[in-house]
Amino acid sequence: MDQAQLSQFCELLKGLMSPNNEVRKPAEQQYQNTKAQNPDQVTQALLAVVTSQGDLTLRQQASILLRQNMRVLREKDFVWPKLSEQTKQAVKSSLLSLIASEGNKNMRHKICDCIGELGGYLCADNSNNQWPELLPTLLQMIASSEAAPKESGLRILVDLIPAVGSMLMQNSSNDVVVAVLLKGSMEHSDIQVKVQAVKVICSIVESLPTRHWKPVQPLCPMVLSTVQSLCTGTMDDEVNDCLESLIGVADEEPAYFRPYLAELCRTGFGIAQAKDAIEDGPRQLAFEMITSLAEKKAKMCMKVPNFITDAVKTCLIFMLEIDGDGDDTEAWCKRFADQDDDEDVTNYEVGEENIDRFAQALGAEKTLPVVFQAVAEFVRIGTWKHKVAAIMTLSQVAEVVEEETQMDEIVKLLLQHMGDQHPRVRYAALHAMGQTATDCTPYVQEAWSQEVLTALEKAMDDPIPRVASHACAAFVNYAEDVEQEALIPHVKTLMEKLYRKLQMDQPRQIREQAITAIAVIAGVSESHFVSYYSHIMPLLKQTVQQASSKEERTLRGKAFECLSLLGLAVGKEVFANDAVEAMQAIVSMLREPEKHFEDDDPLKGFVLESLQRISKTLGPDFGQFLPALLPLILNQFSLTAAEVDDANEEQDMTMIMLAEGKCVGLKTSAIEDLASALQTISCFVENCGPAVYNPYVKDTALKLRPLLDFQFDDEVKSLAVNVWSELISCARKANDTATVKDLLNSFIESMLKAMSQEDELELLEAESRGIANCIKNAGPGTLSEQTVSHIVEVCFNLLKESFNRRADATAEEESGECDEDEVDEIRNIKEMDECVRIAITEIGGALMREHKQLFVSTGGLQKSIELVQKLIDTRCMAQDRCLALYIACDFLECLGADSVQAWGIFMEPMIAAITDNNPSLRQAAAYGANVACNIPQFGDIAATAAAMQLYRAMQRPDARNKDNIAAHENAVAALGNVCEKFEQRLGNDAGNYWAAWIKNLPLKQDEDEGKKTHTQLVRLVKEQRPGVLGANNGNLGAIVHVLALVYKKDYSNALIDRAICEILAGLGEATIGGLQGSLNEKSKKGVMRILNDAKSM
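Numbering (the UniProt record's numbering), first residue to last: 1 to 1097.
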């Protein structure tokens, strides 16, 4: 390239850097066109500028462009494969020559970036290293005693390690050489050399197998010493780089720190706690390093003396830095939370977040005593900052609190501080009350409803608007799970307060919270809210119409949310006309999304959730809106991934690497909107019913099909699988057999292929359950023998692979090479694989149910029987016996009397397992006994033994513990069924069994099972079954107590509620009055509510 051409190219570079758009835009176009037409010419020109001794700014710009053109992940810029061999050689030799001679530090760093980018591409393939001179040159530079080449060599190596690290350390002698070179670099006097050496060490540990990083593990103390010395100076960028590298190690390979853990913790906590000596950035990063390590290696960390104490102490130190060293309270009171400056993460926020992370990682048993002691001390000190820190600490750990006495102490403290003289303390107490209500539901609502609701009512009148608004927010969290009878006495007062806050002259933030609070009251009050409907709905519609600015989008969204919840509360007849207006507004918005929504816009989520509720309220009548609405929702299923140039620079994006090496991504907010859209379609299918929705099934499936292979988010794929099964059910109920077969067979073909290649256990489980649900929903006659045979073959292959994975994991676990945290991780993976096996066997159960003859003829039944026989042996591990029982339950449920021939294999072990010490085994066995009651032969063979076992299982003193409640409730349900079906066979024990059954009701854990059992109870009571009522109606008081607890709960339904009203109304006041001794205060209130409701039936 002659001087004239070079000068011309320099002018082009100046144009690219121009702040003037009219100059820069044409220059960019010319540059891209020239690069596309003649990449050799552009590369040679850039190289000429970089290697010249001219303008430093132009040289730096040329080096940046050269690096971009060498970046393989920037497909639009990557030109290396298009270059001639002569140009390629010139680039490689010139860069290596220049790095040795460049005197300007910044320019040298940019040349290092170019070499690192290109070297990562050329040297990645060990068998075809296209730049063999590079690594020897770098090692020679690192071996130099001079700082500049040493630092440059290390800087390049940081970028190269992920790509060429294994090649660099392909034998043990190289490992030692590199370790010696790095040790020499760590001992060098130049701090920049040390910094780059730290980054190289961290890159080796993050990227390479243990055998390669073991030689650099002894350098850990030198790394920590370097970081500590950097913190005392002014080199913030360097210390931040080092700490970020150490965080990467803590995330990816925390075992590296094991021999030096105490020193690491001492360094990390020391930096984090040095409030007045070290800048906030390094302090936050040091704390993040320790927190990440605790999340990865909890048991390892807890072996460090005082680790939990230091962790909690550091969190509280950070939280005390609220407002820095000042007091912003006066200004704080004049603004709302969404007006706070949140550009930078504050130390207070770091401390608040980390106390939660430590509690989750280290567990309640170890963490809470330290937390409660620290909280008590802070409350005793008594400044507003200490109180806020103490209260918010309780808020953060509430999720791990399990002891009711601890919940009581937290609520007492919060109630005390909700009336504190300082507004920041009152605000914190309200916030913590809301969080505790969410984390400790339902106990906090059941035990403290009157005290808390009264305090929240009072707090809504706080003189500081921000605090009063937050009282509404706390009320929302608390009242969502409050019993209706507890809330009703407060509704009039609450609605008067909230109605005033809803007026248009109130601040937007107060109106937002008031709207949501009213929505909760409506949801809990249900029909009792009707009298307020006509006063509130006009204000909501006015808000929907007028709240159109960007700042008011949340307000508008909450107005939609509230009106849809009001519709659910008052019913279709009252809501119908207003629903039409709401739907017109929603359809108008969805037709012009660019006008009404932005990225990350909360309004879209509110709108979709409102659609779900409106469809539930209107039922099939919602179908009138589908022609206009459905295409707008389905269009949201079509997302196009964008190519990502630099994954590190992207925010709010979920990315995947394609097979060809290209990185693509989708906005996380777009994925969240997609999930909401899928949930919305699911609601439409369910609520509109088959007669209304079936005409749209094929169009929905067409749009849905690509999401069955969605790679960006497991939840979206699982939702898509679920919706597909619902479409099949819809088509079947509409007698559209052709569509059912088409949807089922295309789905199975796709899923079986995906499952055979699936590495993610959670997805494998979801795909298996998806196939099972689709087979069940499609019904009989929808699969060919060939397809069933293929399904059986794939399922048993997958089971074999799962058992093999478990064997490998067990061998690793027992090898003695894993620490406690690694053992826990292995066990967690094994538990996930156990869920996979259960899900796979559900496919067999679905085939048994819907395609029994084909399942038998293809060998599926025989293979299943053989598997049960193999796994049910008491010498097998509990998980295998459990799996055998699940399959046996399918035999009982799907084959009915045809399963009796196999009872000799599993019935006796199943009955014995009802009282096993393993709760999962007890649950499966009890469920099996329940199902077996539908088979007459069970009465002759095992009913008496089953009843005795079930009764014994229910007597366990720990039956209602968290880990045992599911097994217990299955036993209760089963005993009721045995008693009803085979009462005569139980002889004199029947009375005791009936009484025990009633005593252990209601069933709350499994709502569906609860509804079945409570339906059974009201039916038997209405039939006046003597055994249920007991001698001289001796069980009647207990029955009324149970009915009062069941009424209008999640484990009841409209038919059960109506039957309860009829039963209690039929008993008469005198009889009920005589039963008062059998009722507690809660059930007495429930009885009064039932009798009042019965009068209006």
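Hints may be right or wrong, so weigh each one.
[As the list claims (entries may be wrong)] Quick list of the computed label-pair ranges, beta carbon to beta carbon: (1) Ala809 / Gly904: 45 to 51 Å; (2) Ser144 / Glu330: 57 to 63 Å; (3) Leu415 / Gln711: 46 to 52 Å.
[As the list claims (entries may be wrong)] Cut-off 27 Å, straight-line C-alpha distance, at most; resulting in silico cross-link-like pairs (DSS-like, lysine-lysine): (4) Lys334 / Lys299; (5) Lys334 / Lys550; (6) Lys830 / Lys296; (7) Lys1004 / Lys1085; (8) Lys776 / Lys616; (9) Lys1082 / Lys412; (10) Lys800 / Lys703; (11) Lys703 / Lys741; (12) Lys385 / Lys458.
No wet-lab data here; the hints were simulated from the structure.
Bear in mind that the values here come from a model prediction, so they are computed numbers and not experimental data.
Quick reminder that beta carbons are idealized off the backbone N, C-alpha and C, glycines included.
To see whether the hints hold, each was checked on the structure:
The hinted window of 45 to 51 Å between Ala809 and Gly904 is violated, with their beta carbons roughly 34 Å apart. Hint check: Ser144 to Glu330, Cβ distance near 60 Å, so the stated range 57 to 63 Å holds. Our hint of 46 to 52 Å for Leu415 and Gln711 holds, since their Cβ atoms are close to 49 Å apart. For the suggested pair Lys334 and Lys299, the alpha carbons sit about 46 Å apart, so the restraint of at most 27 Å is broken.
A distance of roughly 21 Å separates the Cα atoms of Lys334 and Lys550; the hinted pair therefore holds under the 27 Å criterion. Note on Lys830 and Lys296: the hinted pairing holds, with a Cα-Cα distance of about 18 Å set against a maximum of 27 Å. Distance check on the hinted pair: Lys1004 and Lys1085 sit about 19 Å apart at the alpha-carbon level, within 27 Å; holds. Only pairs whose Cα atoms come within 27 Å are accepted, and Lys776 paired with Lys616 is accepted, the gap being roughly 24 Å.
Between Lys1082 and Lys412 the alpha-carbon distance is near 22 Å, which keeps this suggested pair within the 27 Å criterion. Of the supplied pair hints, the one linking Lys800 and Lys703 is violated, its CA atoms being roughly 35 Å apart against a limit of 27 Å. Only pairs whose Cα atoms come within 27 Å are accepted, and Lys703 paired with Lys741 is accepted, the gap being roughly 18 Å. Of the pairs offered as hints, the one joining Lys385 and Lys458 holds, with about 23 Å between alpha carbons and a cut-off of 27 Å not exceeded.
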